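> Dock chain B against the given chain A, drawing on the hints supplied.
Line by line, the protein sequences are chains A and B.
First residue of the first sequence? That's 0 in numbering that gives the first Met the number 0, and the numbers climb one at a time after it.
First residue of the second sequence? That's 0 in numbering that gives the first Met the number 0, and the numbers climb one at a time after it.
These are calculated hints, taken from the structure and not from any lab test.
Because the structure is a prediction, the values reported are computed rather than measured.
Fair warning: there could be bad hints in the mix.
Okay, derived cross-link-like pairs now, DSS-like style, lysine-lysine, Cα gap no bigger than 30 Å in a straight line [to be verified]:
hint: 1; chain 1: A; residue 1: 501; chain 2: A; residue 2: 384
hint: 2; chain 1: A; residue 1: 233; chain 2: B; residue 2: 13
hint: 3; chain 1: A; residue 1: 299; chain 2: B; residue 2: 49
hint: 4; chain 1: A; residue 1: 366; chain 2: B; residue 2: 13
hint: 5; chain 1: A; residue 1: 73; chain 2: A; residue 2: 201
hint: 6; chain 1: A; residue 1: 453; chain 2: B; residue 2: 35
hint: 7; chain 1: B; residue 1: 35; chain 2: A; residue 2: 451
hint: 8; chain 1: A; residue 1: 299; chain 2: B; residue 2: 35
hint: 9; chain 1: A; residue 1: 33; chain 2: A; residue 2: 235
hint: 10; chain 1: B; residue 1: 35; chain 2: A; residue 2: 469
hint: 11; chain 1: A; residue 1: 366; chain 2: A; residue 2: 27
hint: 12; chain 1: A; residue 1: 420; chain 2: B; residue 2: 49
Only part of the chain A face toward chain B is listed, based on derived beta-carbon distances under 8 Å [as the list claims (entries may be wrong)]:
hint: 13; residue: 272
hint: 14; residue: 274
hint: 15; residue: 320
hint: 16; residue: 359
hint: 17; residue: 374
hint: 18; residue: 443
hint: 19; residue: 446
Ideal Cβ positions, reconstructed from N, Cα and C, are used throughout, including at glycine.
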Amino acid sequence: MSYDSLVEDLRQRNEKARQGGSARAKEKHVAQNKFLVRDRLERFFDDGQYTEDGLLAGMSRDMPGDAVITCVGKVDGREVAVIANDMTVKAGTWGYTTFRKIVRMQEMAVANKLPIVYFMDSAGARIDEQRECYLGRVAWGNIFHTQVQISGIVPQICLMFGPSPAGSAYVPALSDVTFMVDKNATAYLGSPRLAEMAIGEKVTEEQMGGARMHCVASGLGDLLAQTELEVMEKGKKYLRFFPGAWDLPVPLVDARPPAESRRIEDIVPHDQNRPYDVHELINAIVDQDSFLEIKALFAKEMVTGLAHLGGRPVGIVANNSMVKGGVLFNDSADKGARFIWLCNAYGIPLLFLQDISGYMIGSAVEKAGIIRHGAKLLTAVCEAKVPRISLMVRKGYGGGYLAMSGAPTQPDAQLALPSAKPALMGPEAAINAIYYNEIHRLQGDERTAFIKEKQAEYAKDIDVYEPADKFSFEAVVEPSLLRDDLIRRFAIYSRREIPMFKRRNGVYPG
Amino acid sequence: MPHVSAPMAGTVWKVLVSPGDALDFGQTIMIFESMKMEIPIESDGSGTVKAIRVSEGQTVDQGDPLIDFE
Numbered sequence: 000m001s002y003d004s005l006v007e008d009l010r011q012r013n014e015k016a017r018q019g020g021s022a023r024a025k026e027k028h029v030a031q032n033k034f035l036v037r038d039r040l041e042r043f044f045d046d047g048q049y050t051e052d053g054l055l056a057g058m059s060r061d062m063p064g065d066a067v068i069t070c071v072g073k074v075d076g077r078e079v080a081v082i083a084n085d086m087t088v089k090a091g092t093w094g095y096t097t098f099r100k101i102v103r104m105q106e107m108a109v110a111n112k113l114p115i116v117y118f119m120d121s122a123g124a125r126i127d128e129q130r131e132c133y134l135g136r137v138a139w140g141n142i143f144h145t146q147v148q149i150s151g152i153v154p155q156i157c158l159m160f161g162p163s164p165a166g167s168a169y170v171p172a173l174s175d176v177t178f179m180v181d182k183n184a185t186a187y188l189g190s191p192r193l194a195e196m197a198i199g200e201k202v203t204e205e206q207m208g209g210a211r212m213h214c215v216a217s218g219l220g221d222l223l224a225q226t227e228l229e230v231m232e233k234g235k236k237y238l239r240f241f242p243g244a245w246d247l248p249v250p251l252v253d254a255r256p257p258a259e260s261r262r263i264e265d266i267v268p269h270d271q272n273r274p275y276d277v278h279e280l281i282n283a284i285v286d287q288d289s290f291l292e293i294k295a296l297f298a299k300e301m302v303t304g305l306a307h308l309g310g311r312p313v314g315i316v317a318n319n320s321m322v323k324g325g326v327l328f329n330d331s332a333d334k335g336a337r338f339i340w341l342c343n344a345y346g347i348p349l350l351f352l353q354d355i356s357g358y359m360i361g362s363a364v365e366k367a368g369i370i371r372h373g374a375k376l377l378t379a380v381c382e383a384k385v386p387r388i389s390l391m392v393r394k395g396y397g398g399g400y401l402a403m404s405g406a407p408t409q410p411d412a413q414l415a416l417p418s419a420k421p422a423l424m425g426p427e428a429a430i431n432a433i434y435y436n437e438i439h440r441l442q443g444d445e446r447t448a449f450i451k452e453k454q455a456e457y458a459k460d461i462d463v464y465e466p467a468d469k470f471s472f473e474a475v476v477e478p479s480l481l482r483d484d485l486i487r488r489f490a491i492y493s494r495r496e497i498p499m500f501k502r503r504n505g506v507y508p509g
Numbered sequence: 000m001p002h003v004s005a006p007m008a009g010t011v012w013k014v015l016v017s018p019g020d021a022l023d024f025g026q027t028i029m030i031f032e033s034m035k036m037e038i039p040i041e042s043d044g045s046g047t048v049k050a051i052r053v054s055e056g057q058t059v060d061q062g063d064p065l066i067d068f069e
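Extracted from the complex, chain B is given alone in its bound form:
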């Protein structure tokens, strides 16, 4: 299943989508906190959100899957 992965290391601050939501290319799906900045994470695909793979407060590495969509 296609997924959106973390563009950089950081902490998940807010998750802005839920399973079942429609997903657009370029839509902000999460906000990370990293390097002392709020960092909006954009979707690089479109479809329907299937699963959220991380939770708020969790630290992630670059490349970690964040959400699944189809």
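The shape of chain A in the complex, shown without the other chains:
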């Protein structure tokens, strides 16, 4: 046999492996508005090129790549590792070689400081290989173990193109963020068929674990995309904010002026009780088109997202008075905490936009554990080690002020706009608390007049200049100068070193 014929044989083997599943499986796949996995990779990477490991795995059993492609390619000129299920091969299931390929790529990515993107499209565990895969130290579960070990070391992003059922549903849950394609992505621990058998519940796949459900209700989804191209575009946009690993500097980009908008003075209503959409304020501050909202459809009373500010990545945490008054609930506290952990892990500075009348009160939220959930947000804020600026836009009341990175939680700066109203509570609640006995001694008009007078007195006392006089704010900033002030301050604080405490872990509220 000549060397040339060896090469020819290799070419044929590689070509066969690259073909993936059967023609029938591929036909069925694309009929669901889905790209074949290699078409996804070609569109995801800069020049469509990637360096692949384990292409020939599984070929003896006619399972190209053992149903997974693990590779590294470039996104915006930077190397990124991708682990992509091939739904056309044995329904993208995980067998013995599949999970070893996945874990190997995870380890390789960490060793070389590369972000990992999981392209999920899999029917889950391959049950006929359970004897080699389920028990013991080398098993499916190694994927999750590795995900946890490397969390906060290299970015892990999950793009869900299709299903990720049962055990494999923990891949999105253990990733930093999960972006889902509407109608096609699903995740659930038990399928509708299993649920009907076990607990008698009858629901559709979409109701049980559809992308929309996860992005709106469960909070597992961070972004709902309409198409596969959109999910990949958003994945790439997200990557632009992140370094390859936690100990590398965040990537800076060219600064761009903010999009045209109304003046901040016109966006923020002077009447403290009138709601406004904080997205408009964010867009008036950050570089044009740079804002990428995380969990836009979940717990909307708090807005979290990544943006560039003068070319520097920042994470924004903002109360949105347009939804539920911007009050903090259990879900919004969880959402904020996890977003802060995300930014803190990769050195992305944080900007808090405070307009908060407090945590929700009432027996319903107490029963649901709002103290526990609220403490999670407070913990994340107090533990954050990245540069952090808090801006009091309007209300900064009580516990909400602290949870939103108030001055006692040691941000690098607590700023205020002249519209800020810092106080333990608003005039209505405060006057009722301070003068409870007097109020109840008085009757009718007399009572009304007394309350009105005291509220007016109290409201006069809540302004920014008394606290500024006591140096409770680093600065009260003119709205038109705000953006430049923030850009300069983030540059100053970017060199601050943070003392690290030695301990195993804090005992986190949860």
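Leaving out everything else, chain B in the frame of chain A:
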């Protein structure tokens, strides 16, 4: 019949729809007063308003039905 329910506890301040009105997803159907804030309540469904289940000034709990629609 599908209904829109209260996203949080509060007092109904203004009702902005009447039976027979067309209802869009995301349309503001009421304004609550809660936690000293005006809180617009959006519809999470679309169709035609059938009945208003609360009146202005009434206090409601999270989850209480506000309007029926079909």
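> None of the hints should be skipped; say for each whether it holds.
Results for each hint:
no.: 1; hint: A:501 / A:384; verdict: holds, 14 Å
no.: 2; hint: A:233 / B:13; verdict: violated, 39 Å
no.: 3; hint: A:299 / B:49; verdict: holds, 28 Å
no.: 4; hint: A:366 / B:13; verdict: holds, 29 Å
no.: 5; hint: A:73 / A:201; verdict: violated, 44 Å
no.: 6; hint: A:453 / B:35; verdict: holds, 17 Å
no.: 7; hint: B:35 / A:451; verdict: holds, 15 Å
no.: 8; hint: A:299 / B:35; verdict: holds, 18 Å
no.: 9; hint: A:33 / A:235; verdict: holds, 19 Å
no.: 10; hint: B:35 / A:469; verdict: holds, 28 Å
no.: 11; hint: A:366 / A:27; verdict: violated, 48 Å
no.: 12; hint: A:420 / B:49; verdict: violated, 42 Å
no.: 13; hint: 272; verdict: holds, 5 Å
no.: 14; hint: 274; verdict: holds, 6 Å
no.: 15; hint: 320; verdict: holds, 6 Å
no.: 16; hint: 359; verdict: holds, 7 Å
no.: 17; hint: 374; verdict: violated, 20 Å
no.: 18; hint: 443; verdict: violated, 19 Å
no.: 19; hint: 446; verdict: violated, 19 Å
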